[in-house]
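Asks: The lines below spell out each chain.
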Amino acid sequence: MKKFWLNLSMNRKLALIAIVFGVIALFGGDPYGGTTIKINEKDIALSTVGNSDKVSVTELADWIIKDKSDFELIDLRSDEKFSEYTIPGSQSIPLPQITSSDLMRNQKIVLFSDDDVAASQAWFILKSKKYKGVYILDGGLNAWKEKVLFPKAPLNAGKDELAEFDKMKEVANYFGGQAQTDSSVAETKQQIKLPTPNLSTTKTVAPTGKKKKREGC
Amino acid sequence: MNAPFFKFDYFNSDVSLIIAFVIGIAFGIALEKGGFGRATILASQFYFTNMRVLKVMFTAIVTAMLGLYFLSVIGFVDLSLVYLTQTNLLPMAVGGFIAGLGFIIGGYCPGTSMVALATGKLDAMIFVGGMIFGILVFGEMFPGIEEFFNSGFMGTVTLPSYFNLSYGLVVFLVVLMAIGAFTAAEWGEKKMAAKTGKEVL
Amino acid sequence: MTSITKTITKALEKEDGHVHEHHEPKSYSNPYLVGIGLGLVLLAAFVIMGRGLGASGALSTIVAVAVNTIAPEHSTGNNFYSEYIGDGSTNPLMDWLIFQTLGVLAGGFLSGTISHRVFKGVEKGPRISTRMRFVYAFIGGGLLGYGAKLARGCMSGQALSGGAVLNLGSWVFMMMVFAGGYAAAYFMRRQWT
Chain B
51 MKKFWLNLSM NRKLALIAIV FGVIALFGGD PYGGTTIKIN EKDIALSTVG NSDKVSVTEL
111 ADWIIKDKSD FELIDLRSDE KFSEYTIPGS QSIPLPQITS SDLMRNQKIV LFSDDDVAAS
171 QAWFILKSKK YKGVYILDGG LNAWKEKVLF PKAPLNAGKD ELAEFDKMKE VANYFGGQAQ
231 TDSSVAETKQ QIKLPTPNLS TTKTVAPTGK KKKREGC
Chain P
127 MNAPFFKFDY FNSDVSLIIA FVIGIAFGIA LEKGGFGRAT ILASQFYFTN MRVLKVMFTA
187 IVTAMLGLYF LSVIGFVDLS LVYLTQTNLL PMAVGGFIAG LGFIIGGYCP GTSMVALATG
247 KLDAMIFVGG MIFGILVFGE MFPGIEEFFN SGFMGTVTLP SYFNLSYGLV VFLVVLMAIG
307 AFTAAEWGEK KMAAKTGKEV L
Chain F
10 MTSITKTITK ALEKEDGHVH EHHEPKSYSN PYLVGIGLGL VLLAAFVIMG RGLGASGALS
70 TIVAVAVNTI APEHSTGNNF YSEYIGDGST NPLMDWLIFQ TLGVLAGGFL SGTISHRVFK
130 GVEKGPRIST RMRFVYAFIG GGLLGYGAKL ARGCMSGQAL SGGAVLNLGS WVFMMMVFAG
190 GYAAAYFMRR QWT
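Chains as they are written, first to last, in our numbering: chain B, 51 to 267; chain P, 127 to 327; chain F, 10 to 202.
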């Protein structure tokens, strides 16, 4: 065996090595499925329990008004729902496509959908893929509508609470919503209309809006 | 540690430019050592007198393919994060044919012309000028040919997924094909050398 | 495994260890060993960056930036140029492929210098004038630039990098390059042989 090997010319040796690797590859399995990533369960469990991976809707509203741009706001709902209404500045990545998106692992990412469920699923997927700053919008779009777009006046409000409510009214107006005072709730309950998405504030309606440089040659 | 390192943010894009330079140097050395800085050697591929281009290229493909395959199978590289150019079948076939014509007429391809330029070949300089002109013409014509450019879109599709074969089997077939091609090339070179009485460069 | 590396290094030494006259260009190395080296460079690009090698992309970026500088309103309406210029958040010249191509120039020069293969000259067969060779070089370069853009990549970006990740389009491209080359080889024989 050894003699056979030594007698081969170098080119033949290389060819033989390549064939051996090729044969092993026949039984090697699927390279796309082989990736293993270690998940630090403790870390994930801690951040879930501690609510540190959640962003409240009022916080988010504040960020948008202040024009903070250090985060990516991701709408996980379907494209149709996205075009109906979305939070200004968000981009649409439906949940099934979350793994093939071009989000970066060092970005601050805020996920939302109608409620918390889809966002939590996406949060776990991204976390397990080593994305660092992933956050869930607490309560999702439902909470956004309830607390930001159409906030209700507190019953028997004190002075401070009224002042607070005035602020919320302003915020609601900013986003095209309307604060609900006690009387107007009854009247307009049927006709609460979602503001139509304002194209100038929605960053990424079309994929051309944010064109990254191509990677190929 | 997971790879590709850049996709896992082990370093930022500024560092990636330094890495680009270093990888480029290694690429340039390999091309130069392979004799790819000389148009006469590159062109002789098409007259069956010297099959270096085929040998170097297919050996490189086989090496990188095997390496990437095994590194992915053991879970080190996340293959889904390795960039795949999308496939537009017809534009790619037509573009490939035009590029092939350009290869034999001009004597270089883009990468090798850079090496030839660096080693003082004046025709490579002209060739690079021609390439810039060709790209400019393409850019100016682009609005008119955009439809064709985007036709035949198939997404990112690999040989295994297209032919519905296992990845490992395709790897094995590519190795076999390469070795078959090498054997034929060695045999052909000897035949041609006997015919022309010239030694292979 | 060590015996394999030993044989490879030994063979490399043999290849370069020939006694040469000074300043006599060294003969080129064994193509299979060079191929392995090139393959390892490509593999390093995949593992470190998650992308392959390229060449024509750097020239495209330079062309796009030049057009954008001369006639900005002309380039923004053109999807080809705008793809290389990006969204303006980053300098398009601070680009991976440009730095990689600069490296190729440096690496080629370095390797050529060490092997005494850097000298001013024109690559052509004996039966053609230098002037005609330049004309052909320009035409060929133009066709390659055009074809590579139409095919979304060149020999390095498509054939080599795409070939190693078994990309369907890249293999089609590679076969068509060889087809085009062999188809026209007969008509170009005066230039090369």
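You may find that some hints are simply not true.
[To be verified] Under the rule of at most 25 angstroms between Cα atoms (straight-line distance), these lysine-lysine pairs were calculated in the DSS-like manner:
id : chain 1 : residue 1 : chain 2 : residue 2
1  : B       : Lys195    : B       : Lys158
2  : B       : Lys180    : B       : Lys131
3  : B       : Lys197    : B       : Lys104
4  : B       : Lys104    : B       : Lys179
5  : B       : Lys63     : P       : Lys321
6  : B       : Lys158    : B       : Lys219
7  : B       : Lys92     : B       : Lys195
8  : B       : Lys63     : P       : Lys316
9  : P       : Lys316    : F       : Lys129
[Unchecked claim] Residues of chain P placed beyond 12 angstroms of chain B at every Cβ, according to the derived structure:
id : residue
10 : Ile144
11 : Gly270
12 : Gly278
13 : Tyr293
14 : Gly314
15 : Ala320
Bear in mind the hints are in silico, worked out from the structure with no lab data behind them. We put the beta carbon where it would ideally sit given N, CA and C, even for glycine.
Asks: Tell me, in ascending order, the numbers of any earlier hints that this structure violates.
Replies: 2, 5, 6, 7, 9, 13
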